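Engineer: Chains as they are written, first to last, in full-length UniProt numbering: chain A, 1 to 418; chain B, 1 to 418.
Read the hints as simulated data drawn from the structure, not as lab findings. Since the structure is predicted, the reported quantities are computational estimates derived from the model, not experimental observations. Don't take each hint at face value.
One copy or any two copies: either way a pair holds, since identical chains are not told apart in the list.
Said to hold, decoys possible - Quick list of in silico lysine to any residue cross-link-like pairs, SDA-like style, CA-CA up to 25 angstroms:
hint: 1; residue 1: K294; residue 2: H333
hint: 2; residue 1: K23; residue 2: E384
hint: 3; residue 1: K102; residue 2: G380
hint: 4; residue 1: K285; residue 2: E401
hint: 5; residue 1: K102; residue 2: M113
hint: 6; residue 1: K102; residue 2: P92
hint: 7; residue 1: K23; residue 2: N335
Number of protein chains: 2
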Amino acid sequence: MNVEQYMTDVGRQARAASRAMAKATTEQKNAALQACIEQLNAAKEQVLAANAVDLQAGRENGLDDALLDRLELTPARFDGMLEGLQQVATLPDPIAEITDMKYMPSGIQVGRMRVPLGVIGIIYESRPNVTVEAASLCLKSGNAAILRGGSESIHSNQAIAQCVAAALASVGLPSAAVQVVETTDRAAVGALITMPEFVDVIVPRGGKGLIERISNDAKVPVIKHLDGICHVYIDDKADVAKAEAIALNAKTHRYGTCNTMETLLVAEPVAASILPRLAELYAEKGVELRGCEKTCAILPQAIAATEADWHTEYLAPVLSIKVVDDMDAAIVHINHYSSQHTESIITEDYSRARRFIREVDSSSVMVNASTRFADGFEYGLGAEIGISTDKIHARGPVGLEGLTSQKYVVFGDGHIRQ
Amino acid sequence: MNVEQYMTDVGRQARAASRAMAKATTEQKNAALQACIEQLNAAKEQVLAANAVDLQAGRENGLDDALLDRLELTPARFDGMLEGLQQVATLPDPIAEITDMKYMPSGIQVGRMRVPLGVIGIIYESRPNVTVEAASLCLKSGNAAILRGGSESIHSNQAIAQCVAAALASVGLPSAAVQVVETTDRAAVGALITMPEFVDVIVPRGGKGLIERISNDAKVPVIKHLDGICHVYIDDKADVAKAEAIALNAKTHRYGTCNTMETLLVAEPVAASILPRLAELYAEKGVELRGCEKTCAILPQAIAATEADWHTEYLAPVLSIKVVDDMDAAIVHINHYSSQHTESIITEDYSRARRFIREVDSSSVMVNASTRFADGFEYGLGAEIGISTDKIHARGPVGLEGLTSQKYVVFGDGHIRQ
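Kindly generate the complete structure, drawing on both the sequences and the hints.
Structural biologist: This is the structure in C-alpha cells:
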C-alpha cells in the first residue's frame with residue numbers, strides 16, 4: 001500500500017462527503033445515529049471477536065495493563081457506546097442556526113449562521129469506544145471525519161467502521177463521511193496532518209509527547225489538549241469546610257484525569273490551621289505530599305518539592321503543596337506554572353473571587369468548586385471531543401459547537417454599496 | 001543586532017505586557033486611545049517628516065506608484081488615523097463580558113467570559129496608517145501587539161511607535177503592549193511566526209504569496225486572509241433591475257478590494273435577455289469581459305475565458321462570466337472555484353434563497369446584495385483587522401471579537417463531583 005496515495009484518497013473522499021454532510025437534515029443525522037446503534041447491536045459478536053484479536057495481540061506484544069484495559073471493549077463499554085450514540089442523537093443540532101440578525105444603517109440585514117468545519121481528523125489512543133464517540137460528534141455537527149486510532153485497536157476499529165459505514169449508507173448519507181484509517185503505518189498520521197486541502201482541523205488525543213509532535217509538524221490547525229496542571233488556591237477568607245471538601249475531591253475523586261488538581265496553594269495566614277487536617281485526609285487516601293519549605297515545616301510527613309514538581313501533571317496519588325503570601329502570589333504562581341486548564345479559588349471574599357475569575361488565564365476558572373467539574377457533560381455540552389488548552393477557536397471542553405464555525409449571512413433587497 | 005535575540009526580547013516583553021493589558025479597565029484602555037490621539041497630534045510634524053524620509057527612499061529605490069501611494073501619510077490619512085482611534089475608543093469593550101451563565105443539575109453555575117488572546121503578531125504592508133489601526137484594535141481588545149510593517153515604512157512606523165508608547169505610559173499601561181519591530185531584517189518575521197511561547201496568533205495582511213509563505217512556516221496559529229474570488233449568481237427568478245444594479249456595483253464600485261466580484265454566473269434561461277444590457281453597463285466602465293462558450297455566443301465582444309480565469313482574483317476592471325444551467329450548477333461552480341470569501345445570489349425565489357444561504361460554503365453568503373458589503377464596518381463590527389477566509393476561530397470580517405477568546409467560569413458554593 002502506498003500510504004501517501006491512500007491518505008490522499010481518504011482525504012478526497014472525506015472532502016466530497018463533507019459537502020453532503022453539511023446539507024444533511026437533523027432528521028437524517030439522527031437517523032444515522034440510530035442506525036449506528038442498530039448496526040452495532042447486530043454486529044456485536046463480530047465487534048467483540050475483533051476486539052479479542054486486538055487484545056490477544058496486545059498481550060503477546062507485552063502491552064501494559066493500563067493499555068490493555070483501555071483497549072478492551074467490555075460489555076459495559078459496548079453498552080456505553082450505544083448509550084453515547086443515543087445521547088448525541090438527543091442533542092440539539094447546532095448546524096444552520098442563525099443568530100445576531102440585525103438591520104444595518106445601509107438597510108441590509110446581517111447575521112451569523114453556524115456551519116460545520118468540514119473535515120475533522122482525529123488521532124487517538126487504542127480505545128475503540130472513542131471511535132464511536134468521535135464519529136457520532138462529527139456526524140451530528142455535519143462534519144466528515146477521518147479517524148486514526150492507536151494501531152493496537154485496528155481490528156476493533158475496522159469492525160466498528162463497517163457498522164458506521166453501513167449505518168450512513170442506510171439513511172442515504174455518504175459512507176465516506178466517517179472513515180477509519182485502515183493502515184497502522186505511522187506515515188498515515190504524517191499525511192493526515194499535512195493535507196490542508198482535505199482536512200480542516202486536527203484533534204489529537206493522547207500523551208503530551210504525541211500532541212506536541214503533531215502540533216509541531218501539522219500544516220492543518222490543531223485543537224490541542226496538552227496537560228492539565230490544575231491548581232486549587234485556599235484563600236485566608238475560605239470557608240474551612242468547603243476548602244477541605246474541595247481540596248480532597250479535586251485530588252482524590254480520580255487521579256488519572258486532566259482536571260485533577262496537581263498543586264494546592266494555601267494562603268499563609270491559614271496554612272498552619274488547615275494543612276494538618278487536610279494531610280490527614282490525604283493520608284487516608286494514600287496521597288503522597290510534596291511541599292515547599294513552609295509546607296514541610298507544618299507537615300513533617302511531606303517530602304521537599306523540587307522545581308520540577310510545580311511543572312508536573314502527576315496523574316497519580318501525589319500532590320504538591322505551596323504556601324503563598326496571598327491571592328496575588330497565588331495568581332502569579334498559577335499564571336507561571338499552570339497549563340491553563342482549570343484553577344479554583346476557595347474564598348468567601350467577594351472582591352477576591354471577582355478578581356481571581358478575571359485575572360487567572362486558564363480555560364476554566366472556578367470559585368468554591370472542585371476542578372473535577374471541568375468537563376463537557378458537567379458544563380451542559382452533552383458530550384466532549386476533548387478539552388482545549390488553546391485560546392484559538394475553542395477553549396476548555398469542546399462539544400459540538402467546537403466542531404463548527406460561523407459564516408455571515410446577508411439579506412438585501414437589491415442593496416448596493418454607495 | 002542579533003535578530004533572534006532581539007525578537008525573543010520583544011516576545012518576552014509582549015508576553016509580560018499582555019498580562020497587564022488583560023487586567024486593564026475599559027477606562028484605562030480608552031484613556032490610552034485618547035492619549036494616542038494627543039501624542040500623534042503633538043508629534044504630527046515629526047511623523048510626517050519621518051514619512052517624507054520613507055517616501056524619498058522609496059522613490060530612490062524605484063517603488064511603483066501604487067506602493068508609494070500606500071506609503072504616503074497624506075493629511076487626510078493622518079486625520080483618518082486619529083478618527084479611527086476615536087472610533088475604536090467608542091466601541092464597546094468586549095473583554096470580561098460573561099454570557100450564557102446557567103445553573104447545572106449539579107448546582108454549579110457555568111458561563112463564559114470573554115478574554116484577550118494574549119499577544120498578537122501583525123505582519124503588514126508598508127502602510128503606516130495600518131500601524132495605528134492595528135495597535136488600537138489590539139489595545140482595545142486587551143491584547144499586546146507586535147507589529148511588523150513593510151520595511152519601506154520603517155521611519156514612519158518608528159515615529160508612530162514612539163507616540164503610542166508614550167500614550168500607553170501616560171495612562172499607566174506598559175509601553176511594551178504595542179511594539180513595532182525595529183529592524184527591517186526579514187529574519188524578524190521568521191522569528192515572530194515561530195515563537196508560540198510568546199505569540200498567540202499571527203494576522204498577516206498583504207499579498208497571497210506572503211500569506212501562504214507565513215502560513216506554511218508558522219508554528220503559531222494564523223488568521224489567514226487569502227484571496228477574494230467572489231461570485232454573483234443571477235438566478236432565472238431574479239428581479240432584473242436588482243440584478244443589474246448589484247452585478248454592476250459588485251464589480252465596479254472598487255476594483256482592488258477583496259470583496260469585489262470576479263466571476264458572474266447567470267442562469268441560462270435569462271442569460272440572453274440580461275447579459276447584453278449588463279455588457280453595455282460594463283463597457284461604459286471599461287470592464288473587459290471574459291466568457292464561457294455560451295457567454296461569448298451572446299456577447300460577441302467577450303473574450304473566451306480559460307480555466308485560469310475561474311481561479312483568478314483580477315483586482316482590475318476584468319470580469320469572467322459563465323452561463324450555468326441553474327442554481328445547483330452555480331453552487332457547484334462556486335464551491336469549486338471560490339476562495340470562500342463572499343458570494344451573492346440574486347433571486348426572488350424564497351426556497352432557492354434559503355438553499356443558497358445554507359449550501360454555499362463561504363465566509364459571507366448574501367441574497368440580493370452586493371458582495372461589496374462584506375466588510376467589518378458594514379457588518380457593524382466597528383472596525384476590522386482583516387477578513388478571514390479560514391474556518392477556524394474567525395470567519396469573515398474580523399473585529400475586536402476575533403481578537404478574543406472565551407474561558408469558562410464556574411461559581412459554586414463548596415460543590416464537589418459525586
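Engineer: Does each hint hold? Answer for all of them.
Structural biologist: Outcome of the hint check:
1. Within a single copy, K294 and H333 get their C-alpha atoms as close as 16 angstroms, which meets the 25 angstroms cut-off; across copies the closest is 69 angstroms, which misses it.
2. Proximity of K23 to E384 under the C-alpha cut-off of 25 angstroms is restricted to the intra-copy arrangement: shortest distance 23 angstroms within a copy versus 30 angstroms between copies.
3. Taking the shortest Cα distances, K102 and G380 sit within 25 angstroms of each other only across copies (9 angstroms), while inside one copy they are farther apart (28 angstroms).
4. For a Cα distance limit of 25 angstroms, the shortest separation of K285 from E401 qualifies neither inside one copy, at 38 angstroms, nor across copies, at 46 angstroms.
5. When the C-alpha separation of K102 and M113 is checked against a cutoff of 25 angstroms, the pair qualifies both within a copy, at 13 angstroms, and between copies, at 23 angstroms.
6. In this homomeric assembly, K102 and P92 come within 25 angstroms of each other (Cα to Cα) both inside a single copy, at 24 angstroms, and across copies, at 17 angstroms.
7. For a Cα distance limit of 25 angstroms, the shortest separation of K23 from N335 across copies, 13 angstroms, qualifies, whereas the shortest one inside one copy, 43 angstroms, does not.
Checked against the numbered hints above, the structure violates only hint 4.
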